[in-house]
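Number of protein chains: 2
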Amino acid sequence: MNEPYRHDPAPYPASGGWTPDQPAGHRQFHQFAQTRPFSLEGGGSLRDVTIAYETWGTLNEDASNAILVCHAWTGDSHVAGSAGKGHATPGWWEGVVGPGNAIDTNKYFVVCSNVLGGCQGSTGPASPHPDDGEPYGLRFPVVTIRDMVRAQASLADALGVNIWRAVVGGSMGGMQALEWAITFPTRVRALIAVATCAEASAQQIAWGSIGRRALLMDPAYQNGDYYNAGPDGGPWNGFSVARMIAQVTFRTDSKFNEKFGRQLKDQNFNSDGIDLFSRFEVEGYLDHHGDRLVRRFDANSYLYIGKAMDLHDIGRGRGGLEAALARIKAPTLTVSIDSDILYPAYQQELIQSHLTNNDPRNAHKEIQSVEGHDGFLIEVVAVGRHISEFLTATQ
Amino acid sequence: MNEPYRHDPAPYPASGGWTPDQPAGHRQFHQFAQTRPFSLEGGGSLRDVTIAYETWGTLNEDASNAILVCHAWTGDSHVAGSAGKGHATPGWWEGVVGPGNAIDTNKYFVVCSNVLGGCQGSTGPASPHPDDGEPYGLRFPVVTIRDMVRAQASLADALGVNIWRAVVGGSMGGMQALEWAITFPTRVRALIAVATCAEASAQQIAWGSIGRRALLMDPAYQNGDYYNAGPDGGPWNGFSVARMIAQVTFRTDSKFNEKFGRQLKDQNFNSDGIDLFSRFEVEGYLDHHGDRLVRRFDANSYLYIGKAMDLHDIGRGRGGLEAALARIKAPTLTVSIDSDILYPAYQQELIQSHLTNNDPRNAHKEIQSVEGHDGFLIEVVAVGRHISEFLTATQ
Numbered sequence: 018m019n020e021p022y023r024h025d026p027a028p029y030p031a032s033g034g035w036t037p038d039q040p041a042g043h044r045q046f047h048q049f050a051q052t053r054p055f056s057l058e059g060g061g062s063l064r065d066v067t068i069a070y071e072t073w074g075t076l077n078e079d080a081s082n083a084i085l086v087c088h089a090w091t092g093d094s095h096v097a098g099s100a101g102k103g104h105a106t107p108g109w110w111e112g113v114v115g116p117g118n119a120i121d122t123n124k125y126f127v128v129c130s131n132v133l134g135g136c137q138g139s140t141g142p143a144s145p146h147p148d149d150g151e152p153y154g155l156r157f158p159v160v161t162i163r164d165m166v167r168a169q170a171s172l173a174d175a176l177g178v179n180i181w182r183a184v185v186g187g188s189m190g191g192m193q194a195l196e197w198a199i200t201f202p203t204r205v206r207a208l209i210a211v212a213t214c215a216e217a218s219a220q221q222i223a224w225g226s227i228g229r230r231a232l233l234m235d236p237a238y239q240n241g242d243y244y245n246a247g248p249d250g251g252p253w254n255g256f257s258v259a260r261m262i263a264q265v266t267f268r269t270d271s272k273f274n275e276k277f278g279r280q281l282k283d284q285n286f287n288s289d290g291i292d293l294f295s296r297f298e299v300e301g302y303l304d305h306h307g308d309r310l311v312r313r314f315d316a317n318s319y320l321y322i323g324k325a326m327d328l329h330d331i332g333r334g335r336g337g338l339e340a341a342l343a344r345i346k347a348p349t350l351t352v353s354i355d356s357d358i359l360y361p362a363y364q365q366e367l368i369q370s371h372l373t374n375n376d377p378r379n380a381h382k383e384i385q386s387v388e389g390h391d392g393f394l395i396e397v398v399a400v401g402r403h404i405s406e407f408l409t410a411t412q
Numbered sequence: 018m019n020e021p022y023r024h025d026p027a028p029y030p031a032s033g034g035w036t037p038d039q040p041a042g043h044r045q046f047h048q049f050a051q052t053r054p055f056s057l058e059g060g061g062s063l064r065d066v067t068i069a070y071e072t073w074g075t076l077n078e079d080a081s082n083a084i085l086v087c088h089a090w091t092g093d094s095h096v097a098g099s100a101g102k103g104h105a106t107p108g109w110w111e112g113v114v115g116p117g118n119a120i121d122t123n124k125y126f127v128v129c130s131n132v133l134g135g136c137q138g139s140t141g142p143a144s145p146h147p148d149d150g151e152p153y154g155l156r157f158p159v160v161t162i163r164d165m166v167r168a169q170a171s172l173a174d175a176l177g178v179n180i181w182r183a184v185v186g187g188s189m190g191g192m193q194a195l196e197w198a199i200t201f202p203t204r205v206r207a208l209i210a211v212a213t214c215a216e217a218s219a220q221q222i223a224w225g226s227i228g229r230r231a232l233l234m235d236p237a238y239q240n241g242d243y244y245n246a247g248p249d250g251g252p253w254n255g256f257s258v259a260r261m262i263a264q265v266t267f268r269t270d271s272k273f274n275e276k277f278g279r280q281l282k283d284q285n286f287n288s289d290g291i292d293l294f295s296r297f298e299v300e301g302y303l304d305h306h307g308d309r310l311v312r313r314f315d316a317n318s319y320l321y322i323g324k325a326m327d328l329h330d331i332g333r334g335r336g337g338l339e340a341a342l343a344r345i346k347a348p349t350l351t352v353s354i355d356s357d358i359l360y361p362a363y364q365q366e367l368i369q370s371h372l373t374n375n376d377p378r379n380a381h382k383e384i385q386s387v388e389g390h391d392g393f394l395i396e397v398v399a400v401g402r403h404i405s406e407f408l409t410a411t412q
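Those sequence lines, one after another, are chains A and B. Residue numbering for the first sequence follows my numbering, beginning at 18 and increasing consecutively. Residue numbering for the second sequence follows my numbering, beginning at 18 and increasing consecutively.
Treat the hints with care, as some may be off.
You can't tell identical chains apart in this list, so a pair holds if it fits in one copy or across any two.
Here are the simulated SDA-like pairs of lysine to any residue, each with C-alpha atoms no more than 25 angstroms apart in a straight line [stated by the list, open to error]:
#1 Lys382 to Leu338
#2 Lys282 to Asn245
#3 Lys282 to Gly241
#4 Lys282 to Gly61
#5 Lys276 to Asn77
#6 Lys276 to Arg335
#7 Lys282 to Glu339
#8 Lys346 to Glu406
#9 Lys276 to Ser370
None of these hints come from the bench; they were simulated from the model.
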């Protein structure tokens, strides 16, 4: 059993609770263990793999109503519902997934698993190494998006799901969805890729890499072996700076202007003077976001999953990007957020424009929003509408 | 005498040489010292101030041909010419300033001074504190763009320049140019503000702040007292990460795609496998830029000048942005780079659109370029053409 990671000594929220393999009302949290070795694309291997997942709704008799939802960088299996053990935050796609929502849990059997390399119940760097029971830390092998997807495929087999009604994801979740439709073209009936890319761009790699450097330079990182350092001893400063970088790329200039402008947080320039460390409101916001992630997420998982995104390239070993996209059989919905500076709209348009399945149900939708990349999580009404229409069209 | 900062033990390039107060061919490098106290906008003061500056060309009899060029964050007084002591890199605006260029040194007396707070000869955190002769470090007071401009005004007085033919600058140089035209409306005959803003936006503050945090968390920063740490002992990792963040904001996604794509630097994925630290080419580029700045620039200067930019707000204490822009009498050229993600075009358009001088020579030009913010330094032909036309129009 892999315990969900949390260095924060505060107790888990009372709501939710964690009952592995026990029904928790409508939602169920499980762990799936594969005890045979799992070989990884980058050359390493894991002796065994546990994948934490949640399900909503009921699988129908011919197993034709299962939808796989894939989470992003710091997400987890908890697509919908209140916070609890195994999911330190409320559902990250409330309003898109749930009873009567676009991904209707009254109708579909919805599955979301914590990615391989994650820290909320699936095997990752914080998990015990089988040799010594100590956390893997930097002994953990590099994983790729394809490895994540192959682990999900084992889970699908175990669940009796041969064909997904749809595979859906935004950002890194969209990378997984793409890899599903390319690696297992006959196991995906509909592909929904939101605010994602066919391959990580140099700028995306740059942002990811700089964040990792900030984290790695924290002396408390201790070469990845910080798990016994206690709640105040980990590389929280470096991790927090890494998160701040990401946070700016997730949002937009105009949103920040609207939300913070030039409001000072700590001092009034005219009455108090100013020092080098006086913060503007936007700096308080960055502190808050850095602090919040650091409490709930494992720093090593952040590094490994970030690297997996940098390595994302559907064309690798497949004769290039166009050849890879030509493997997709499923009708495909791509969704862009017009203000996304991290995964610009041209990346989703490129995916759509290189499909060769000639499926008339293929569609590209652009959402007008000031929210930037985070729009895929925030604009639940627009995202839900496009998904709902596409699921109807692909019935 | 403030020595130019350089922690790199390598000798200064043989070319150039440093001959303070001695003519060096066409170009002259000087230092101007003001021994009376200098009060600062943020509440602090300096007991004396030295401003390093260079001049090109000759001041005419009625002192009507002087142009002030203002430098950006990590710039210095060395607008044109080869590297040498006091300017570790070749001129940063070669092709714009020089004989026969837009800012023609055969015609104009061109002045560029290292900003207050800088590290290339002007008083800054690396300068000796008058109390003990040790570097100021964090004892240095916060300076603002207005402080920089008031120091330049003292220099102008000393040079016998009552009215500048033009004040010109890009990025932080543009902030200074704006403050010149607002603080001293009758001393500026023409204002040229390139890729700059009337007030730092929340996103600009966020990027600056995150870079400072990365620098400050380096244990070798030692609370700013790293000057005796030797060439290998300073906060170079943190400083380098700060520079990397800035470097990405200075360029564009499309330029990075064109220049680096997904080329690996260290390993071949298929033949060698991959580890967490294998770099892509773009990461090598970031390393290079981090390393290069760290060798030539003082980390504390980087912090203080970055803070000055965050504090930039022409409207502060003047009844707001519009009232401040209404003070400008000079005909004003604003120039945007269409791909600039750090100082987006709307910021320069806003300046232009709020001028109230009704001068028919006011002009806004947008340069089409893939170079992003750095386009103001790189696109010398286009920048030069717009400046040249504007100088002709304002003769």
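So, going through the hints one by one against the coordinates:
In the homo-oligomer, the alpha carbons of Lys382 and Leu338 lie at most 25 angstroms apart inside one protomer (21 angstroms), although the nearest pairing across protomers, at 38 angstroms, exceeds that limit. For the identical chains of this complex, Lys282 and Asn245 are neighbours neither inside a copy (35 angstroms) nor across copies (35 angstroms), given an alpha-carbon limit of 25 angstroms. Taking identical chains as interchangeable, the C-alpha atoms of Lys282 and Gly241 lie at most 25 angstroms apart only when they sit on different chains, with a minimum of 24 angstroms there against 34 angstroms within one chain. When the C-alpha separation of Lys282 and Gly61 is checked against a cutoff of 25 angstroms, the pair qualifies only between copies, where the shortest distance is 21 angstroms, while the shortest distance within a copy is 47 angstroms.
For the identical chains of this complex, Lys276 and Asn77 are neighbours neither inside a copy (46 angstroms) nor across copies (51 angstroms), given an alpha-carbon limit of 25 angstroms. Within a single copy, Lys276 and Arg335 get their C-alpha atoms only as close as 44 angstroms, which misses the 25 angstroms cut-off; across copies the closest is 23 angstroms, which meets it. When the C-alpha separation of Lys282 and Glu339 is checked against a cutoff of 25 angstroms, the pair qualifies only between copies, where the shortest distance is 24 angstroms, while the shortest distance within a copy is 49 angstroms. Proximity of Lys346 to Glu406 under the C-alpha cut-off of 25 angstroms is restricted to the intra-copy arrangement: shortest distance 19 angstroms within a copy versus 57 angstroms between copies.
Taking identical chains as interchangeable, the C-alpha atoms of Lys276 and Ser370 lie at most 25 angstroms apart only when they sit on different chains, with a minimum of 24 angstroms there against 36 angstroms within one chain.
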